[in-house]
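Protein chains in written order, with the numbering used here: chain A, 19 to 635; chain B, 63 to 214; chain C, 174 to 355; chain D, 10 to 329.
Be aware that one or more of the hints could be misleading.
[Said to hold, decoys possible] Here are some chain A residues the structure puts well away from chain D; computed CB gaps all over 10 Å:
no., residue
1, T216
2, Y292
3, K425
4, L596
5, R607
[As the list claims (entries may be wrong)] Using 30 Å as the maximum straight-line C-alpha spacing, the simulated DSSO-like pairs for lysine-lysine come out as follows:
no., chain 1, residue 1, chain 2, residue 2
6, C, K180, A, K541
7, C, K315, D, K70
8, C, K322, B, K212
9, A, K541, C, K322
10, B, K207, C, K189
11, C, K244, D, K70
12, C, K180, D, K239
13, C, K244, B, K199
14, D, K310, C, K189
15, C, K323, B, K202
16, C, K315, C, K326
17, B, K202, C, K315
18, D, K70, C, K323
19, B, K212, C, K326
20, D, K70, C, K322
21, B, K207, C, K315
22, C, K241, A, K541
23, A, K539, C, K244
24, D, K70, C, K308
25, C, K315, C, K189
26, B, K95, C, K189
27, A, K541, C, K189
28, C, K332, B, K77
29, C, K241, A, K539
30, C, K322, B, K207
Derived by calculation from the structure, the hints in this document are not laboratory data. All of these numbers come straight from a predicted model, not from anything done at the bench. In this text, a Cβ means the ideal position worked out from N, Cα and C, and glycines have one as well.
Spelled out, the chains give:
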Amino acid sequence: MILEAFGVMLLAVIVVLALDRYPRIAAAVAIIASLLPLFALTSWAGIMGISLPSFLAPLEFESSLVYNLGPGTLNLAITPLGWFFLLLLATSFPLALLFASSFVRNRAGGFYAGMLLTMLGSFGVLLARDALTFFLFWEIMSWSILAMVLRGGDRRAIVSYLSFGSLSAMLLLFGFMMLYFKTGTFLFGDMHLDTSLTTLVALSMIVAGLAVKGALMPLHVWAPHVYSRSEEPFVAFLSGGLSKLGYFGMLLFMYGIAGLSLLSSWGTFRDVSYFGYALAVIGAFTAFAGTVLAVMQDDLRKLLAYSSVGQLGYIAIGIGIGTPLALTGALFQALNHTFFKAVLFLAAGAVYYRTGKWKISELGGLGYRMPFTFLAALFAIFALAAIPITSGFAAKWLLYEAAIEKKFLFVTPIMLIAGVGAFLYAYKILYGVFLGEPRYDVKEAPISQLVAMWLLVLPLVIFLIFPGWVADLAAPILSEYGMQPIPHTPYVITTNLAAYNTLAVIFALMGALLVSLILYKWKPQEVVPHEDNYLAGEPPELYEYISMHAASNYYEPFEDVFGPVFRRGAERAWEIILAAAEFLGNGARRLYTGLTQDYSIYILLFFLILVGWWLLW
Amino acid sequence: MMAKELFPDAQEIRKGRIRIEVEPEKVGEIVKKLKDNGYDHFVMLSCIDWINDGQFELVYHMWSYEYREHVMISTRIPRDGGSMVTLRDLFPQIETYEREIHEMFGVDFIGNPRLGEFILEGWPHMPPMRKDFDTEKFVKDFYYKIPEVKEE
Amino acid sequence: MRNDDWKKVSRLVSKKSLWMVHFCTGCGAMEMPPVMTSRYDMERFGIAPMATPRQADVLLITGYLSIKTLKRVVQVYEQMRDPKYVIGFGSCTINGGMYWDSYNTIKDLSKYIPVDLYIAGCMPRPEAIMDAFLKLMEMIEKGEAIGWKKYHKYYDQYKRNQRMAFSYRLDEVQDIKEDDAK
Amino acid sequence: MVDLIALGEQILLLAGMVTLGFAIGMFFNGFARKVTARIHNRIGPPIYQGYIDVFKLFAKKTNISHGWIFDLAALFSVAGITLAFLFLPVAGFTLLSTEGDIFLILYLLAIPALGFALGAGASGNPNAAVGIMRALILMLAYELPLVMVVVAMMIHYNTTSLATLVQMQSGMHWAIFVPVFFIGAIIVDMALQGMLMEKPFDIAIAPHEIASGPMVEFGGKHLGALMLYKMMAIVVETTLFVDLFLGGGVVLSVSQYGWIAYVVNFLVWFALITLVFFLALLINAVFPRFRIEQALKFYWKYDALAALLILIWVFAGVSI
């Protein structure tokens with residue numbers, strides 16, 4: 019069934035390529051094709067006795083599919099972990115395509131083909147049950163991402179993606195090979211790892227390779243370039259959906275294959291394995307540095323890219339801590355990030371579609387012009403800043419609780435302060451783009467774009483009211499790892515330290531809003547035009563040449579303090595490594611002089627060293 | 063070099079205060095020469111309305127920190143349609159003084175691009191600092207004639 | 174409670190909380206610091222300085238007004254919300270004071286915006302200012318400080334005078350009716 | 010039916026406490042001005058000035074708005090701060106604080122701030138934008154020492170719920186009597202100064218420089234709502250401090266003394282928040298203001314460094 023779905027998608031790729039001149043039809047074909055795997059999977063799940071849509075109840079995932087494809091075997095199976103991430107990808111992907119149907123104009127066929135291939139690869143990764151299948155689909159995904167980056171045509175983005183992508187592939191391949199030589203199998207189910215150093219190195223390599231896709235610092239360098247130089251619907255899917263695959267892989271290898279006891283066998287600190295601790299520290303650093311860098315950006319896409327890096331850091335923290343609470347938090351954060359970041363990138367795309375501007379300092383006042391885009395973006399920003407009127411808070415709360423529970427004294431304040439930093443760039447987006455002086459007399463975004471954004475906002479509302487449903491989804495994953503699911507009802511999540519009752523928050527907010535609304539509507543008011551603003555009495559005629567939009571260089575005092583430390587830090591470090599490698603390479607090249615005498619001297623030296631070694635030992 | 067040495071025919075009013083009277087065409091040359099010789103502070107540009115002579119007197123004040131000496135370059139231009147070449151290339155701040163004198167006396171400074179409204183907004187009458195502008199009459203004819211707000 | 178009673182209570186309370194924005198032209202601004210600081214301390218009557226006209230109830234014109242400044246004053250006055258009061262400081266706002274023959278300063282403020290209270294003097298002493306505020310409170314309580322109502326009622330006359338002043342001509346008065354009279 | 014009555018009682022209690030909170034907040038406004046005036050050797054306004062001011066603002070005859078986004082400021086600021094108040098244990102009443110914890114409160118405090126910022130930004134006044142920028146950076150500045158101390162406390166007491174924390178401090182086992190957390194209280198008090206936006210950290214609303222910053226376009230009922238928010242914020246923030254370090258003002262246990270305990274606890278809580286606010290006012294009255302990057306450096310250098318010592322102390326598990 020699933021293979022047939024893949025086949026249909028491949029067919030759709032060819033069809034949309036042929037429909038290059040008819041972007042609308044190509045979009046329709048792509049959307050239909052993108053919905054297929056979801057149907058296929060749900061019906062398959064139905065055959066297996068899972069009654070949908072009660073997918074929120076704990077699931078049983080047992081059997082696997084094996085496909086013999088001539089020379090090799092594809093092992094595919096639906097696992098609870100894969101199912102969770104599939105839901106995220108399969109819901110955000112058609113909506114990104116829907117947005118694209120009005121956004122992408124030129125060479126549309128190539129766009130949809132690339133998108134479908136990316137999706138095919140990512141679905142294969144999620145379903146893979148052996149390392150080779152995993153790697154195969156991983157590479158399909160990576161190369162089709164490259165194709166999409168090439169469409170953007172920015173040299174820096176291409177070079178950085180290519181170099182980091184091949185680094186990632188290399189690390190993964192080395193890791194898989196080492197595991198194979200250790201265990202003699204590629205099948206995830208049969209891998210029984212021991213506590214040797216080789217396993218540790220292999221696992222570290224795999225996690226590092228996955229961290230490239232997850233944009234963990236210092237491997238994040240490609241992300242801001244790629245995110246800011248590709249088409250928005252694709253970036254929404256890349257940042258929202260595909261970046262999660264790195265964390266999917268981490269969960270799979272660290273907890274599904276290696277297991278908590280194995281990780282702990284290399285030493286623990288306060289019941290957290292050193293391995294996980296290191297990941298959590300890197301994640302906390304990523305969260306903080308990504309936030310600081312996001313605050314300093316003026317390009318809307320760059321800001322969102324760094325914000326992605328920062329928010330993904332939280333998932334790494336959760337995976338690193340590795341308690342049921344933390345893993346639920348990480349999954350919740352992955353879910354939230356999928357939706358709110360997709361909305362934000364799409365909103366940025368809609369703004370660009372109408373105004374043709376990316377720079378925050380050049381935009382402004384669109385809130386009254388594009389109210390529905392603004393409200394969708396506002397909701398996403400509330401989720402991003404973890405304001406407790408969206409589901410964004412529950413995820414962060416779970417992570418904080420997990421960190422406090424495991425006594426992460428230094429990681430927790432960094433997480434919290436990164437959360438406050440998120441307010442800064444969140445407001446920069448709000449003010450710079452949507453508030454302030456209206457500069458553009460534009461229409462609201464097209465209906466397809468609005469529908470895409472608002473459907474993506476929907477989960478943020480649902481999981482605000484029912485955070486327990488995410489815990490339900492996470493429960494089978496946890497039980498697969500031999501952990502107890504966290505105690506919860508649909509509305510209340512309880513930990514050892516405290517409880518969080520969303521119903522109480524919602525009802526109290528409703529009551530408070532009602533009271534303040536009554537208080538507020540007591541007196542009539544009149545709406546004045548924007549020009550009627552207090553500027554020490556300057557008359558409005560002057561506004562023609564005085565810009566009242568104070569968005570350029572908005573956080574200057576902040577940049578004065580943090581700029582010298584953070585700006586281009588990671589890139590500079592990589593450039594130094596690159597320069598060192600180039601220097602060494604150049605030195606090595608000099609050895610190849612092309613003269614026979616030199617080569618004979620090398621041979622002689624080699625034998626001398628061998629003899630010397632033999633004599634000394 | 064001090065101003066007295068540069069311009070032997072300059073008149074020394076008292077110590078440290080030199081007055082040079084020249085033709086309008088030579089002002090630029092002299093100011094430049096003084097600027098090159100240590101008189102690097104342009105203090106101000108003022109204007110006097112000699113209504114009986116039918117002339118405006120423009121006075122360029124310069125100061126040298128080196129010699130502690132104040133030089134006034136005075137020149138006269140005709141009152142009606144009198145004009146002067148701008149010196150904003152030598153000292154950028156002259157532009158502001160020229161704008162003010164243009165507004166208050168109506169002197170045209172050729173080459174100054176910003177001779178628009180400066181302090182007064184929408185002033186439709188004769189430049190108010192001219193001596194033939196009768197402020198008292200203007201006040202009586204205008205401000206006192208603005209009607210009171212009548213209450214029914 | 175009848176509407177009149179409510180208005181009375183409202184006035185009785187509101188007079189104890191006068192927030193002022195002072196338009197610091199001329200020398201009158203110099204008299205404000207002693208009034209606000211420990212020597213005279215106007216805060217004991219609930220009077221506090223505010224930064225913007227949106228927040229303020231009382232506009233203080235502390236001296237002469239040139240035509241250019243008058244434009245800003247009108248702008249500020251119209252940005253204040255009702256009920257609002259204007260206090261004119263010193264002779265300059267009454268009849269021009271020492272600028273009685275200046276070509277560019279207005280002679281009588283009440284021709285352009287309604288003034289509830291004048292303080293005579295050049296400049297008025299802080300005691301006089303305190304006295305003026307107490308008088309204003311009394312007027313508010315009795316419902317006599319109705320400058321803001323007058324501004325609404327005779328809006329076309331005030332606008333006409335303002336236009337005359339801004340254009341320095343008596344004859345160049347455009348049709349007020351087109352303007353959205355509030 | 011019994012449940013319904015209990016629910017009704019609960020709602021009445023919450024509404025009553027919120028009303029009381031606003032009343033105390035308005036009292037604090039007059040109190041603050043009176044204290045400042047006395048330090049300046051003035052007489053100052055009457056102590057009930059806050060009530061008069063709010064009444065007057067809501068009694069203004071005309072109000073202006075800059076559109077519906079502008080109106081959100083008034084709504085969200087009052088609603089958000091009420092929400093934050095409801096999730097705090099106040100004077101021995103737990104209210105809703107068992108349903109959330111300290112992190113929820115820290116994030117609930119962001120609702121009014123962001124709502125307010127939204128309205129200020131929507132007015133389109135550059136002064137407002139500059140003021141909000143400063144307020145947000147100030148928030149980033151003071152949150153670091155605050156969360157460091159809070160995390161240290163939470164790990165030490167092994168709870169994140171304020172209700173539990175208050176319970177653990179009952180019987181006069183106040184956190185401030187623990188030597189480490191005495192230092193912590195001083196650090197958090199510094200952070201509180203920024204939270205309350207009192208001098209030297211009032212650059213965000215500097216009236217003489219940027220025309221009261223974010224509030225520049227607010228007048229009438231909008232400003233009235235914002236004043237209610239600011240007044241309530243004083244109560245919420247001082248209560249947060251009292252809950253953290255001073256046992257929430259609980260001195261008598263209800264089970265032992267009955268209704269007297271409620272009254273006494275309430276009075277003690279009131280006295281304690283007044284004391285905390287009074288300390289902030291003393292600093293406020295005599296200081297000039299910091300520039301924003303000076304404030305940032307102050308908090309992140311000195312305050313956070315001291316908080317780091319506490320973290321290390323808790324980390325090492327020494328003498329607590």
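Each hint tested on the structure:
With a least beta-carbon separation of about 34 Å from chain D, T216/A lies farther than 10 Å from that chain, consistent with its non-interface assignment. The beta carbon of Y292/A is kept farther than 10 Å from every beta carbon of chain D, the shortest such distance being approximately 17 Å. The beta carbon of K425/A is not kept farther than 10 Å from every beta carbon of chain D, the shortest such distance being approximately 5 Å. L596/A, annotated as away from the interface, keeps every beta carbon of chain D farther than 10 Å; the closest lies near 33 Å.
Every Cβ of chain D is farther than 10 Å from the Cβ of R607/A; the closest lies at roughly 48 Å, confirming the non-interface assignment. The suggested pairing of K180/C with K541/A holds, with an alpha-carbon distance near 14 Å, which does not exceed 30 Å. Distance hint between K315/C and K70/D is fulfilled; the C-alpha atoms sit about 17 Å from each other, no more than 30 Å. The straight-line distance between the Cα atoms of K322/C and K212/B is roughly 14 Å, inside the 30 Å bound, and the hint therefore holds.
Of the supplied pair hints, the one linking K541/A and K322/C holds, its CA atoms being roughly 19 Å apart against a limit of 30 Å. For a cut-off of 30 Å, the pair hint linking K207/B to K189/C is broken: about 39 Å separates their Cα positions. Taking the CA atoms of K244/C and K70/D, the gap is near 25 Å; set against the 30 Å cutoff, the hint holds. At roughly 27 Å between alpha-carbon atoms, K180/C and K239/D fall within 30 Å of each other, so this suggested pair holds.
The hinted pair formed by K244/C and K199/B meets the criterion: a straight-line CA distance of about 24 Å does not exceed 30 Å. Of the pairs offered as hints, the one joining K310/D and K189/C is violated, with about 45 Å between alpha carbons and a cut-off of 30 Å exceeded. Under the criterion of a C-alpha separation no larger than 30 Å, the hint pairing K323/C with K202/B is consistent with the structure, at around 27 Å. At roughly 20 Å between alpha-carbon atoms, K315/C and K326/C fall within 30 Å of each other, so this suggested pair holds.
Taking the CA atoms of K202/B and K315/C, the gap is about 38 Å. The hint is violated against a cut of 30 Å. For the hint pairing K70/D with K323/C, the CA-to-CA distance comes to about 15 Å; that is within 30 Å, so the pair holds. The hinted pair formed by K212/B and K326/C meets the criterion: a straight-line CA distance of about 11 Å does not exceed 30 Å. For the hint linking K70/D to K322/C, the alpha-carbon distance of about 11 Å falls within 30 Å, and the restraint holds.
A threshold of 30 Å between alpha carbons decides the hint, and for K207/B with K315/C the separation of about 34 Å lies outside it, so the pair is violated. For the suggested pair K241/C and K541/A, the alpha carbons sit about 35 Å apart, so the restraint of at most 30 Å is broken. Among the hinted pairs, K539/A with K244/C is inconsistent with the structure: their alpha-carbon atoms are about 34 Å apart, more than 30 Å. Using a Cα cut-off of 30 Å, the hinted pair K70/D and K308/C holds, with the two alpha carbons roughly 22 Å apart.
Simply put, K315/C and K189/C have alpha-carbon atoms about 13 Å apart, close enough for the 30 Å limit, and the pair holds. Between the alpha carbons of K95/B and K189/C the distance comes to roughly 68 Å, so the proposed pair goes past 30 Å and is violated. Restraint check for K541/A and K189/C: satisfied, since their Cα atoms lie roughly 21 Å apart, inside the 30 Å limit. With a C-alpha separation of about 57 Å, the suggested pairing of K332/C with K77/B is violated against the 30 Å cut-off.
Among the hinted pairs, K241/C with K539/A is inconsistent with the structure: their alpha-carbon atoms are about 39 Å apart, more than 30 Å. Between K322/C and K207/B the alpha-carbon distance is near 25 Å, which keeps this suggested pair within the 30 Å criterion.
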